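What follows is each chain in one-letter form.
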Amino acid sequence: MKKGLSRRNLFKYMGVGGATAVVAGCEKSSEKLIPMLIPPTDYEYTPHTAYKYMTTCRECDSACGMMVTTREHRAQKAEGNPNHPVNQGALCARGQASLQTLYNPNRHAHPLADGKQIPWEEGMQQFSAIIKAASGAIAYLGKPASGSEGDFVDEWLQAAGGGQRFKFNLLTQKSQIEANKIAFDHANVPEYAFEKAGVVFNFSTDFLENWGNPVENARRFTDMHVYKNGRKNKFIHISPQVSLTGAKADRWIVINPGTEGLVALAIASVIQKENGTYKFLKKYLQAYSPEKVAEATGVSAETLSELAIDAMEHGPLLALGGGNVSATDQSVETLVGVNILNAVSGALNKTVLFSDQTTPESSTHQDLTQLISDLNAGKIKLLIVDDSNPVYALPPSMGFLQALKKTFVVSLASQKSETTHTANLVLPALTAYESWGDAFPRNGVRSIQQPVMSTVNMFDARAREDILLSVAQNVNKKAFSENSSYLDYLQNIWQKIQRKVGDKRKFDSFWISVLENGGIFEKPKFVRASLNRRVASVKLNDPGMASSDGLTLFPTTSLLLGDGSGANKPWLQEVPDPMSQIVWDSWMEINPDTAQKLGINDRAIVEISTPYGSVQATAYYHFGIHRNAIAIPMGQGHQHSGDVADGFGINVMKLLPDQMDKAGSLVFVGAKAKLKLINEKSYTVNTDGNARQLGRDISAATTVEELNNPEKHSSGHNRPVEFYPDRSETAGYYKPYRWGMTIDLDRCNGCSACVVACYAENNLPVVGKVRTAIGREMSWIRMERYIEGYGDDFETRFSPMLCQHCGNAGCETVCPVYATYHNPEGLNAMVYNRCVGTRYCSNNCAYKVRRFNWFNYEFPAPLDQQLNTTITTREVGVMEKCTFCVQRIKDAKYDAKNLGRDLEDGEVVTACQQTCPTKAITFGNLMDPESKVAKNALRDNPAKRDRQYEVLAELNYKPAVTYLKKVNTREVDGHDSDNHGSHEQEQAHS
Amino acid sequence: MGITAEYNETAGKVVIDEQKGHPGIRATTLGYGQINDEMLAMLDKPRPSYYLLLLGFLMALGLGALSLAIQIDVGIGYSGISHPIAWGFYITNFVFWIGIGHAGTLISAVFYLTRAPWRTAIYRSAEAMTVFAVMTAGLFPLLHTGRPWLAFWLIPYPNERMLWVNFKSPLLWDVFAVTTYMSVSIMFFLLGLIPDMAILRDEATRKGKKLKAMIYAPMALAWRGTNHQWVHYMRGYLIFAAIATPLVFSVHSIVSWDFAMSSVPGWHTTIFAPYFVAGAIFSGLSMVLTVLIPMRAVFGLQDYITNHVIQSVSKMIIFTSIIVGYAYASEFFIGYYSGSPFERAIFYYRPFGEMQSWTLLGDSQINFPQIAFWLMVFCNVIAPIPLWRWKIRNNPLAVWIIAALVNVGMWFERFNIVGSSLQHEYDPSAWGEYWPTIVEVGITIGSFGFFFTLFTLFAKSLPPMAIMELKEASIPPMKRTEKGN
Amino acid sequence: MVLRYIFPISLILSVFFLALSSSAVLAEEQPIAFSHKLHTVQNGIACQYCHLYARRSFSSGVPPVSTCIGCHGPQEQKLVQPESVEVNKMRTFWSNNEPIPWVKIHDIPDFVRFPHKEHINADSNRLLDDAGAGCDSENAPRSLECKLAQFRTGGDERCLACHGDVRQMEVIVQVDENFATMGWCMECHLQVKGAKERKRSGNTMAGWYHAKELNKKREADIGLVNEKGYHNPNLLDCYTCHY
Amino acid sequence: MKKFTGVWGIFEYLDETTDSIEQVRKQGVQPTVLMPCPRHEIDHALGNPSSIVPWIALVFGALGCLIGYSLPAWTASDWVLPVSGKPIVAIPPFTIIGFELTILFTAIHTLLGLAILGIIDSFRFPIPNSAKKYTRFQRDRFGVVVRCDEARIDEFEAIMKKNGAEEVHVEKE
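Residue numbers (the numbering used here), protein chains in the order written: chain F, 96 to 1085; chain A, 60 to 544; chain G, -10 to 232; chain X, 2 to 174.
Rather than coming from a laboratory, the hints here were simulated on the basis of the structure. Owing to the predicted nature of the structure, the values given are computational and were not obtained by experimental measurement. Incorrect hints may have been included.
[What the hints assert, rightly or not] Footprint (simulated), chain X over chain A, 3 or more residues, beta carbon under 8 Å:
| id | region |
| --- | --- |
| 1 | 90 to 101 |
| 2 | 258 to 267 |
| 3 | 293 to 304 |
Don't be surprised by glycine CBs; every beta carbon is placed ideally from N, CA and C.
Please put together the full structure from these sequences, using the hints given.
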């Protein structure tokens, strides 16, 4: 196993680097002042000042609006576009890390022909020549594009003499579209109005991770699920596996693999019986009554009826189906079952809303199979691939890699990948940060993608569409005669859009408003849908996966790495997966009961073999998986994607058969795996010390019942009488600000976007796997995950842990040199340059949020260009920690001072708060009783506090961060009996 | 075996009584001149085996220096300390060596005040050990910092930054306690040396070795041995003993407050000060025996360091062993009785490791702290038990083995305190493990090399026993007594 | 192998002693012998004509080469000083499309965030009333009082308070030997109204008999709120400069 | 240095030394005694002289204590940097500094004091150079030095000889 990154070699002269810097400080300075040749004149430019540009995130097809902060013409921070209706200012972890797509050291720097560097002219000539030679036998294999890019490529193919465009996406929604077509005659993906639902049944989707738009899903789901006005809507996860999404559920119903559809129909049958709608289904549903499917699904008839009653009592229901875990060969039928449930329960047109726009279609597995056979038959002379990576993503059993050898492959990718590695000609493309584009992710949303900076100087790349355009003009004089560049083409399209939306301005002013706004956003228009009688002919069988030999393999999607495109980004590798807390690795989730039967220990290396291949991975004990199944996340196991991705983990796709369902999508679930123990111990690195909180109530929860019975719930720890006066009575203190934060654990779903945002905002170095193994990761905010209970009835809790900016901080008093102290605004100030490095503060921090610079960490070029220039980048031997984004506080204060006033609530937004899709974090001035944070924290009003608590309040550190307890709808069994000492804890609280 | 002898006033002669275990050392029967010559003979040109020994210690020192250089070169990150265990071997070594440094002052000051006569023969060596141990200890807080080149910031001196130090920090108390202790013990050591340096000076003058005399003369501070000088000297010595006594108890108390003042479970306890002081005396006296028993054999000092001395020190070891054992037990009791889940957890963790219910499914494994804990209990509580028997106490080899074991045990006690608590603090999600790296082990070995190199050099360059006090303890030359009237 | 480690050890020792002595950069050879005196005094160009970002940004900005060319013009245009050797050096940089590698003389450590804009725009009424009154510009032009007087005057004079009399410099030099050391900065920060009171704001016995009334009085002394009704920035907080 | 005038003798035995001291003192002269180790017999014979070293220790100890409390208190309030909700001037932690500086100051000044007093005394009670060159005083011999007028030299020489001095040296100009 490769240990860490080679370029962050341990034996480099890092220590001396620090020491010599000090010497240089005392002796002669040789720093140079390099002026600009010509300052930018076309727009305002001021050094050290943030300029923000609206663009679109292209990490997945959700196309969230993005606002990129640039300083000195370098993109330094990505934030969500607050105007954008889809993500409303938030971004997920992958969106935050999109900066590392731009600054990835593993981008292609030059055009390559058979792996050798060539000049651009030569590359373009070769490309033109091969297009001519192919004379129409061209295939373009690209990402599915909702925007103009698809049309452009189609047009281009025509100009180049013909050819076919394939839209490659591993996580396709094809089956769902097919099922919707069968059930509702709408061949597209509906919008799910979570906020209107009273109860959500989730049939194995991972809607908070990769299904649909996770940012939007998270926001709308939280609106529905959060504790409000004394009640909380239920979310029930019906699946053989608990993903991050499932971890948020109030209840997990364990079902046998592949039986989501049967469960949905069973619930539907009870509901139909009760409310009598859809009479034509009566007979059909009787065949799936709870009693009949109980055995096949592994869920008792009573439970199924209970669920049905839940749906009817608390409705409207929203049933979600899809995702990898339910992608069996019956996945279309399964989704039809879910659709029937939605219809029968009356959710259709209430929580499931169809619009008339068709979703960008991706090619089916069938199309790809066809492509492979065409390639093998030599029918395709030229294959053009963009940033998609089918060589990695497709199961090797399909033989795509072998087929590629039979044709000429041109890659127009910006990042190194397994696919570009096989390409005959690589013409490096620009990333979304540097080029034009657009995306129309759904009805009424037209999002623009503009270059936010000039190209990164290390990479000699060109915009993909411009490469295509100029090649087309080489080949065919008539092609794109009106367009000198892709921008021209794009503007033409947007002129049409302008007409469509009825904007009467001149195009230039329209265009500027589009760029300012990030796109054109209209209210979506929905159409009514109704259930088709055809559905009664859809037959769902018992897949029988639970009873047959072997363990069913679930290749699950990875929250951070997606389908593998995130693996070459150091931040996404370094940030632990919130469920397993594992970094830089793959793992195999296995139920402890099964594992113990097989004699496999936690963290043992296991060989997993299916008839199609075998891999070795670390066993990870997870209560949240069916006893007859295992799950392996996708995304790792790269070989040619650059040193950040290569050699870490395994690629689960190696285990999958080349099989498709009725819609022609790849079947993910169906392979049966056999396990063999290889080694008792593996070098797997996880960042959590312990999965259990031992009754310490660091991540606390309460129940709705408790909250509604004030006498039952304890109002938290009573503050003891103070020996010393409060700090606010020191002259000049907390006037007018005392910064504070609240974190609502009921809203937090552990998506870790805040963690990545902090890495981006605060210049946190990535330390690699080996150093993370001994606890040297540098994250200022960490997503703590605690597991409560045992077996199927377990609960997962997340709580972001960051510096609590305590009023009575343990760290301050022990510092011998005042490198950390309590500042007049209530911040726990850390002065890096005063720090000697005794590390006592870290020892005495109960929250363990201080991080030490063990080395002078490197930011390999061009990642150093991303560094935030408004803060200090730390050197070896100093302590660092969360500053509540003091640079943002300072900037806001300077601005307010120029306006001649004090700061107002909401003017300072920390990086973690800004990106949180569920708005779990609020930040502001605790001294202002009208501020949001003061109203959330209720510090001065203990009587009104119900969910508010401070972590480890009994230590009397007086943290400035108030947490709001997670609210459960019931008590988790075994929560209180699983540890010693919790009893005393309770007593101490009361 | 030494002979017990005593001057009997009524009999008017020296009575040799082998059964009576009283102060006496055979040296009391020797004349001033003989004591003088025998002591000076120890400083003669050493045998080749001495150089071999010195070479061994120098190699250990070199290993430490090399390790230190690597660490500074690469960064403090080359050690195994990390998050959340930010203190590891270095602070363990610091506390250990400070502890070793307690015996000298204890013997020279406390036993001086309590008039324990057996201290005479060993106090000089013990004091030298104190000085060297504190010097060794003082290195560690420096080299464990992230930016040792800025460590001078811990000294309160007026500077252009207008910044001072934080006197509320236990680390700053440490700075004061350790520097004061080091200064006072060096001064005490030098004070005791003054008359002996005069002896050396005069001896060198007598032999015509002018260079040697010139070296010794400044250290003798113009000592002539006049009655005026002796009056000031004895008064000063008494004051030194009087102020060194509270100092010796305070230093380790303050070191213990480095831990006790924090909120870390397992550290935050009021018994730390007495517990640490007892441990320090325990380890210091063991180190005295570990060093002096071989020295006695090599130099043939059975007449001076008699079995009686070894027995007395052994009794002190038994006594402090009981205190330390009691402290261990009471720590656990307090941990249990406090009801604090954090305290209970750490005191379960130290001996037994991860509790079944702590992990997802009872994945229990043995860590460094468990090894340290059981070694500590064995070496510090169980190993000294045989010393209760007179026969064992009277057998230098057995005593030496036990003393060496106690040294090992005390090192692990320090580690047990420093290392284990940090591994399991308040937030279980931030729990961690600690294993040292080769650099830390190298520096630890180097610290022993440093200490023993210095001590070996001392043994041949300065009188390892206080000649003046030996003379004071022996029977003065009386003409009338010899005549028998 | 061993030699490799002698270096860091000796380094630490030398750093230790070097750190005690201060030796600042005073002057260094520049790629072009640019005379500030010529441009400011004789030609009457204001500081912020070239250092154009000073009032808007953290950094004052080194003038872009195009600013130089704006007056001097490229070689063929024969504008200002067409034959000067030094000016032609600049023209060569321009025609080669190269920036001029000026040597940085006024260097602030990387751990300090110094906003030029806040100093250029600062309200000199916040200074103590008598600050700058005792300036003896003849004998002690770089005394604290004179620097304060310059700061109070505003305009270009304010730049000179820290950078020295750049207008009289043929070669740019660092005048104050302790330029940008913490004490040098604090000297002036303590001359702000209420700063000295704020520095000792807690009162010595704050904890022990902590008198609320006393601290109320202190808060009035340190001038928490200014006449415009908003809170004065605290210039003694470590986070003012170090973050 | 003034030339020494007087008598000094070398004694092997302690009792003979004390006898001669007592007899010299009876003649109204306080002799200076040289000895290899302190003996109470000689102190008694000399009339139990005392030292001012304890007073030095006391004064400077008190000074150290004062500094030990005032330095932290002053520095803490010179630039108020609150830490951990503690008072700016916190007496309990400063007690440790006070204690340590008391000890340090006492120790330093005791050592300095006794060294300086020793030097002062060597001027007040000089010893002849010939006696300084005699190396056995540090080893095993006692010496009695009597400083007197030339007229009384014989008297003291006789006392020493009578009491069994090994050697008696007479020093005169």
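Structure-based check of each hint:
1. Check on the region 90 to 101 of chain A: 4 of its residues sit with their Cβ under 8 Å from a Cβ of chain X, so the three-residue criterion for coverage holds.
2. Figure legend: the region 258 to 267 of chain A, annotated as covered by chain X; annotation consistent (6 residues with Cβ-Cβ distances under 8 Å, at least 3 required).
3. Only when three residues or more bring their CB closer than 8 Å to a CB of chain X does the claim for the region 293 to 304 of chain A stand; here the count is 7, and the claim holds.
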